[in-house]
Each structure stands twice: as C-alpha cells, then as structure tokens.
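Whenever a hint applies, use it, and build me the whole structure from the sequences.
Residue numbers (my numbering), protein chains in the order written: chain A, 1 to 181; chain B, 1 to 427.
There's no promise every hint is true.
[Said to hold, decoys possible] The list that follows gives simulated cross-link-like pairs (lysine-lysine, BS3-like), each with its CA atoms no further than 25 Å apart:
hint : chain 1 : residue 1 : chain 2 : residue 2
1    : B       : Lys14     : A       : Lys79
2    : A       : Lys116    : B       : Lys289
3    : A       : Lys79     : A       : Lys45
4    : A       : Lys77     : B       : Lys174
5    : A       : Lys77     : B       : Lys263
6    : B       : Lys25     : B       : Lys263
7    : B       : Lys14     : A       : Lys162
8    : A       : Lys45     : B       : Lys25
9    : B       : Lys17     : A       : Lys79
10   : A       : Lys60     : B       : Lys22
11   : A       : Lys124    : B       : Lys17
12   : A       : Lys167    : B       : Lys14
13   : B       : Lys17     : A       : Lys122
14   : A       : Lys60     : B       : Lys40
15   : A       : Lys122    : B       : Lys14
16   : A       : Lys45     : B       : Lys22
17   : A       : Lys166    : B       : Lys14
18   : B       : Lys26     : A       : Lys60
19   : B       : Lys140    : B       : Lys160
20   : B       : Lys26     : A       : Lys45
21   : B       : Lys14     : A       : Lys45
22   : B       : Lys14     : A       : Lys124
23   : A       : Lys60     : A       : Lys45
24   : A       : Lys79     : B       : Lys263
25   : B       : Lys160    : B       : Lys174
26   : B       : Lys173    : A       : Lys77
27   : B       : Lys173    : A       : Lys45
Hints were generated in silico from the structure; no laboratory data involved. Note that the coordinates shown come from a computational prediction; the quantities given were computed from them, not determined experimentally.
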Amino acid sequence: MNTINVTRQTISDWFYLYSDDVYRFLIYRLGTHDVEDLVQETFIKAINGLDSFNENAHPKTWLFSIARHLAIDEIRKRKRKKWKDFVPFDPKHEGETRRTPESELILNSECEIIHKAINEMKPKYRDVFILRSIQELTIKETASVLHWSEPKVLSTYHRARKALQKKLGGVIDGLQVRSFR
Amino acid sequence: MGYKSDPLDESLGKLRKLRMSKESKKDIHAFIMNYYDQEKSQQKAKRKWIGKMSAGMGSIAVLLLVAVISTGFIHQHTLDQSGKTPSILHKTHIPSNVSKTTYSLESKATVAFNNIILDFGKDSLRQSTNIGLGINADYKSGAGNYEFKWTQRQWTVLFKGNGNLQSGRELAKKMARFLQKTPLPTPAKTGVISLSKPMSPTVQNNVIIAWQKGKSVYSVKQTDPTVQGLQTLIDSSNSPKTQKTFKNMTAQQLSDYFIRNGKTLPFSGTDVTRISPNQFTQNLTYTQKIQPDGIAFSPNAYQVMDEWKGYLNNKPFILEIYQNTHSKNQIIGLVYNHKVQVAYSCQSKGCIIRNFTGNYVSFAAPNLSGKYFSVNLLTGRVILSSQRNLNLELAGINLKDGSYGVNWITGLSKKYPFKQHVNQSLN
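Below, the structure written as structure tokens:
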C-alpha cells in the first residue's frame with residue numbers, strides 16, 4: 001500500500017479543510033445537531049488509521065468513509081439506548097447549545113422540511129443523497145466513500161431524489177428530479 | 001452535459017451553509033492535535049523497545065498481542081475475578097518475541113502457516129452463532145469447553161476456553177468488538193490470532209499471533225504457566241503508568257466502555273486533591289467570558305465553593321466551582337497548564353461533581369431534574385446537557401437500574417462528598 005508522510009500539519013490542515021464537511025454529513029446522516037463528538041472521533045480514528053491511508057485516496061472521501069461508519073455505529077447504539085428516553089426530563093432546563101446562525105437555518109421552513117424528509121429516507125438513499133447533493137461529491141468520490149460501483153451510485157442517487165421528491169410532494173413548487181440535458 | 005437548476009437544489013444550497021461553531025472547532029482541533037502528539041510520542045517509545053526485537057514485524061505482533069491479551073482472557077479475569085480496573089498490559093511485562101522462519105518455497109511456508117491453525121484443533125466446528133458486527137463465528141461446545149473460530153478483516157481468530165457456551169460467546173463478542181476498534185495491520189495474505197484459555201491452573205495459556213509473508217512465517221507467542229503468573233501481570237498492569245493507556249479516550253470511547261462493562265474508567269489525572277475552603281483561590285479573571293452567554297466574569301460577584309487541583313499529562317489543572325453571591329447561580333472554571341480553558345455557567349444554584357473519568361469531569365445539577373454535563377479537563381470543552389445519554393454514561397449512571405448512583409464523587413482513589421463545607425450562607 002502506498003502511504004504518504006502525514007505530518008502534524010497535514011492533520012491540522014485536513015481538520016480546517018474538511019471538519020465542516022464531516023460535521024454537515026453527520027448532522028444530516030444522524031438527523032441531530034449533537035455530532036461534535038463524532039467529528040472529533042472521526043479525526044481520532046483517522047489519526048489511528050493513518051497507516052492504512054492510501055496516497056491515491058482523497059483525504060476528504062476517506063474522512064467521510066470513517067464518519068459514515070461512526071454514524072452507523074451511533075444509530076445502532078441509540079437503538080440500544082432507547083430505554084433511557086423513558087426517564088422523565090424537563091426540557092426547559094436544557095442548556096444553550098452552541099448553534100451558529102447558519103445552523104439555525106435548517107430549523108426554518110423548507111429547509112426543516114427537507115431535513116426531515118432526508119432523515120426519513122432509507123439509509124442508503126440518505127448516504128448517497130447527502131454525499132451527492134449536499135456535499136457535492138462527484139460520482140467517483142461518492143463511490144469511493146460508499147464502496148459502491150459508479151453505476152450503483154448513479155442509479156441509487158436517481159432513486160433517492162425521486163423518493164425525496166415523492167416525500168416532499170408539493171411542498172417545494174416545481175420540484176424536479178435533477179436531469180441531464 | 002449539465003444540470004438544470006431546480007428549487008430543490010436552491011433549498012439544498014441553504015443546507016450546505018451549515019458550519020460548526022468557531023469555539024467547537026477550536027476545541028476539537030486542540031484535542032486532536034494533543035492526541036496526535038501523544039500518539040506520536042507513544043509510538044516513538046514503542047519503536048525503541050521494538051528495536052530490540054529481531055524481526056522488523058515486531059510492532060505489528062506486539063500491538064496485536066496487547067490487543068488480544070487485554071480483550072481476551074486477561075481482560076475477563078480482570079473484570080470477573082480481581083474486580084480491579086481493566087487495563088492494557090504494560091509493554092515491559094509482555095514476555096514475547098517474534099520468531100521468523102523462512103522456507104525454501106512459498107508453498108512450504110503456507111503449509112507451515114496452516115499447521116498453526118491445525119495445531120489449534122483439527123475438529124470441525126459445525127455450528128454457527130452471531131457474535132455481533134455482522135460476524136458469524138463457527139463454534140462447538142461440550143464438557144465445559146468451547147471453541148470459536150471466525151474471520152475478522154483479514155485475520156482468522158481462533159478462541160478456545162473453558163466454561164459454559166454463553167460465557168464463551170460473550171468473551172468472543174468482546175474480542176470481536178475490540179479487534180474491530182483496534183487498527184489492525186493488513187497481513188500480506190492472512191493472519192491468525194489464536195487464544196487458548198487454560199483448562200486447569202497448571203495448563204499453559206497460549207496466545208499465538210502469526211502471519212505469512214512470502215516464504216516467511218512470523219509468529220509471536222505469549223505463555224504464562226499459572227493463574228498466579230497471570231494475576232501478577234494483571235496487578236502490574238494496574239500501576240499508574242498503565243493508566244496512561246486510556247488517558248486519550250474520547251467521551252464516546254469512555255461512554256462505550258461504560259455501556260460494555262457497567263462501570264466507568266477511573267480518572268487519568270494524578271495527585272488529585274480537593275482544596276480546603278480556607279485555601280481557595282480565584283483563578284478566573286475579568287477577561288474571561290462565561291459560556292454560553294459570553295458575559296464577562298466579575299471576580300467580585302463570585303465566591304469559590306469548591307476547588308480541585310491535580311495533574312493531567314504531567315501538567316497542572318485547577319477546577320473550580322464558583323457561586324454568584326447575588327443570584328446564587330454557579331459556574332465552573334477550569335485552568336489547565338496555567339491557562340484558563342473555560343468558564344461555564346451551569347445555570348443552577350446547586351451544581352455538583354459526580355465523577356472523574358478519563359480526561360473528563362462529570363457534573364450534575366440535581367435541582368434541575370437531573371441535568372448532567374461534562375467538561376474535558378484538557379481542552380475545557382463542555383459536553384452540553386442536551387447530550388443526556390453521553391453525560392449519564394460519563395457520570396457512570398445507569399438509570400435502567402432505577403438509581404442515580406452512589407452518594408459520593410466517583411472515579412478517584414478516595415471517596416469525596418459531593419459538597420464542600422463552605423460558608424453556609426451561600427448554600
């Protein structure tokens with residue numbers, strides 16, 4: 001395996017370049033704002049697995065791949081911990097969250113509707129939709145993150161958009177499936 | 001080829017604007033850089049030791065050996081028999097070395113490698129069971145013994161022990177989970193990890209890790225003839241030095257540990273002391289902004305209610321709980337390595353420390369329907385109360401049992417009461 005010499009500076013650069021992308025991916029993949037720990041965990045795992053980083057791979061897709069696995073684990077974990085939700089807790093005592101003005105955006109109107117609709121999609125649709133439509137990865141990059149073939153990315157993405165369109169119905173006027181000219 | 005723009009894409013554009021807050025980014029960056037530095041220094045130390053080994057592949061074997069031993073039977077003994085803190089063995093206590101045998105032909109090396117698997121047991125394992133992570137392990141059991149075999153990544157894991165099938169399956173699950181989390185090297189073809197628990201106290205334990213590379217077969221073995229010997233290893237692994245092995249755990253990892261084992265890991269710091277009220281000092285200054293509102297700290301308006309000091313990563317920390325003399329609301333102050341890391345308002349008049357674990361301190365505000373939050377003592381990063389499950393796990397509280405835990409601060413070698421006895425007029 002070809003490996004590159006990843007220095008402290010490289011890690012720092014990766015963090016500043018891609019942490020927001022990873023953060024966004026995790027938020028939409030998990031449907032929650034509390035993903036900062038998972039962002040941290042993604043980079044910790046990346047540091048631990050530097051030996052397996054292939055120089056031919058793009059660090060961004062590699063980080064997405066790690067984040068995706070963490071998100072899957074997190075969902076499993078949450079299912080296991082559902083019993084805790086039965087413990088009464090008064091939400092008025094919740095502390096302030098450190099939301100940025102941008103993060104408030106998704107709580108608004110159509111963004112919230114889309115966010116909710118994404119969250120209700122099948123996991124594989126959600127994966128491909130987030131990566132292609134929100135993270136704007138290329139088909140090749142998406143295939144690399146998901147370990148899928150490029151035709152599979154194309155077809156699944158097409159279906160995901162259709163599914164989202166169906167779910168949103170007439171909420172967003174003129175909503176169409178992205179089409180090729 | 002191009003795209004027609006559509007309203008969905010326009011809406012998605014807004015979703016793409018989402019960014020992490022600058023504070024969070026700064027905190028996480030500081031944490032991962034710190035983690036990177038410590039990993040590098042540990043690797044450096046490890047390389048020195050491995051340099052004494054004859055084979056160049058020593059590091060791989062040692063990593064695996066440590067992983068397997070700590071997860072396998074030693075881990076189990078630690079949890080079940082000694083009742084002490086499970087920890088990874090200190091490297092100087094591993095009596096192992098890597099042996100390399102080179103054959104004239106690769107096919108001969110393959111035969112030799114396969115013999116290692118055959119030596120484990122020639123019986124076919126006809127039943128299959130799920131051990132988690134989507135792994136199906138073949139197994140057989142009977143007469144108080146069990147054998148498991150599964151493939152994980154490119155490693156074949158063989159595991160033999162005594163006890164009932166259920167206990168064996170639990171141990172196999174633990175091993176699989178650990179191996180999944182541990183960054184394993186990729187062997188050229190395949191590798192084998194073989195563990196045999198002792199059938200009786202006088203029978204040898206065996207841990208064999210082997211892999212083939214071309215015409216060579218590398219292997220590393222660890223043996224300890226008695227349970228007493230094993231116990232010595234466990235005891236020695238509980239020294240403060242080995243506690244460093246979990247000092248870098250993230251909150252998520254500490255929480256995972258609690259979920260798996262039903263108890264939290266102890267605090268990573270050393271020389272932790274609760275300062276008596278007559279020696280309290282104020283370490284927050286006017287320049288400090290109180291999170292989350294960003295209001296400047298006013299030293300005259302606050303009185304220290306509780307103060308702790310100690311060392312983390314050989315650097316000093318001071319942790320303080322202040323109370324506003326007027327509103328009675330409390331704030332947490334943290335100084336690490338002589339730098340104020342955070343001043344955080346717990347928005348409560350009764351904030352207490354529940355637990356110290358890893359690099360974290362877990363707080364509770366019992367008068368607010370059990371609000372919990374945690375602070376990373378290295379970075380000052382606060383895990384907000386909205387992450388309730390994570391905070392409960394860091395506090396070591398299992399609400400499933402209908403309990404809010406013990407009535408003292410946990411995670412330290414000494415039991416401390418929740419509250420300091422300070423000026424009663426403030427309480």
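Against the structure, the hints:
1. Under the criterion of a C-alpha separation no larger than 25 Å, the hint pairing Lys14/B with Lys79/A is inconsistent with the structure, at around 30 Å.
2. For the suggested pair Lys116/A and Lys289/B, the alpha carbons sit about 35 Å apart, so the restraint of at most 25 Å is broken.
3. The hinted pair formed by Lys79/A and Lys45/A meets the criterion: a straight-line CA distance of about 23 Å does not exceed 25 Å.
4. A hinted pair counts as satisfied when its Cα atoms are at most 25 Å apart, and Lys77/A with Lys174/B qualifies at roughly 16 Å.
5. Between Lys77/A and Lys263/B the alpha-carbon distance is near 17 Å, which keeps this suggested pair within the 25 Å criterion.
6. The straight-line distance between the Cα atoms of Lys25/B and Lys263/B is roughly 30 Å, outside the 25 Å bound, and the hint therefore fails.
7. With a C-alpha separation of about 20 Å, the suggested pair Lys14/B and Lys162/A falls inside the 25 Å cut-off, and the hint holds.
8. Restraint check: the Cα-Cα separation between Lys45/A and Lys25/B comes to about 17 Å, which is no more than 25 Å; the hinted pair holds.
9. A threshold of 25 Å between alpha carbons decides the hint, and for Lys17/B with Lys79/A the separation of about 30 Å lies outside it, so the pair is violated.
10. Among the hinted pairs, Lys60/A with Lys22/B is consistent with the structure: their alpha-carbon atoms are about 20 Å apart, no more than 25 Å.
11. The suggested pairing of Lys124/A with Lys17/B holds, with an alpha-carbon distance near 23 Å, which does not exceed 25 Å.
12. Taking the CA atoms of Lys167/A and Lys14/B, the gap is near 19 Å; set against the 25 Å cutoff, the hint holds.
13. Between Lys17/B and Lys122/A, the direct Cα distance comes to roughly 24 Å. Compliance with the 25 Å bound is thereby established for this hinted pair.
14. Proximity of Lys60/A to Lys40/B is assessed by CA-CA distance (about 23 Å); at most 25 Å being required, the pair is judged to hold.
15. The suggested pairing of Lys122/A with Lys14/B holds, with an alpha-carbon distance near 22 Å, which does not exceed 25 Å.
16. Proposed proximity of Lys45/A and Lys22/B is supported: the alpha carbons are some 22 Å apart, at most 25 Å.
17. For a cut-off of 25 Å, the pair hint linking Lys166/A to Lys14/B stands: about 21 Å separates their Cα positions.
18. About 20 Å separates the Cα atoms of Lys26/B and Lys60/A, which keeps this hinted pair within 25 Å; it holds.
19. About 10 Å separates the Cα atoms of Lys140/B and Lys160/B, which keeps this hinted pair within 25 Å; it holds.
20. This hinted pair checks out: Lys26/B and Lys45/A have alpha carbons roughly 18 Å apart, not beyond 25 Å.
21. Restraint check for Lys14/B and Lys45/A: not satisfied, since their Cα atoms lie roughly 30 Å apart, outside the 25 Å limit.
22. A hinted pair counts as satisfied when its Cα atoms are at most 25 Å apart, and Lys14/B with Lys124/A qualifies at roughly 23 Å.
23. Taking the CA atoms of Lys60/A and Lys45/A, the gap is near 14 Å; set against the 25 Å cutoff, the hint holds.
24. Taking the CA atoms of Lys79/A and Lys263/B, the gap is about 20 Å. The hint holds against a cut of 25 Å.
25. With a C-alpha separation of about 14 Å, the suggested pair Lys160/B and Lys174/B falls inside the 25 Å cut-off, and the hint holds.
26. For the given pair, Lys173/B sits about 16 Å from Lys77/A by alpha-carbon distance, which is consistent with the 25 Å threshold.
27. Straight-line distance between C-alpha atoms of Lys173/B and Lys45/A comes to about 21 Å, which keeps the hinted pair within the 25 Å bound.
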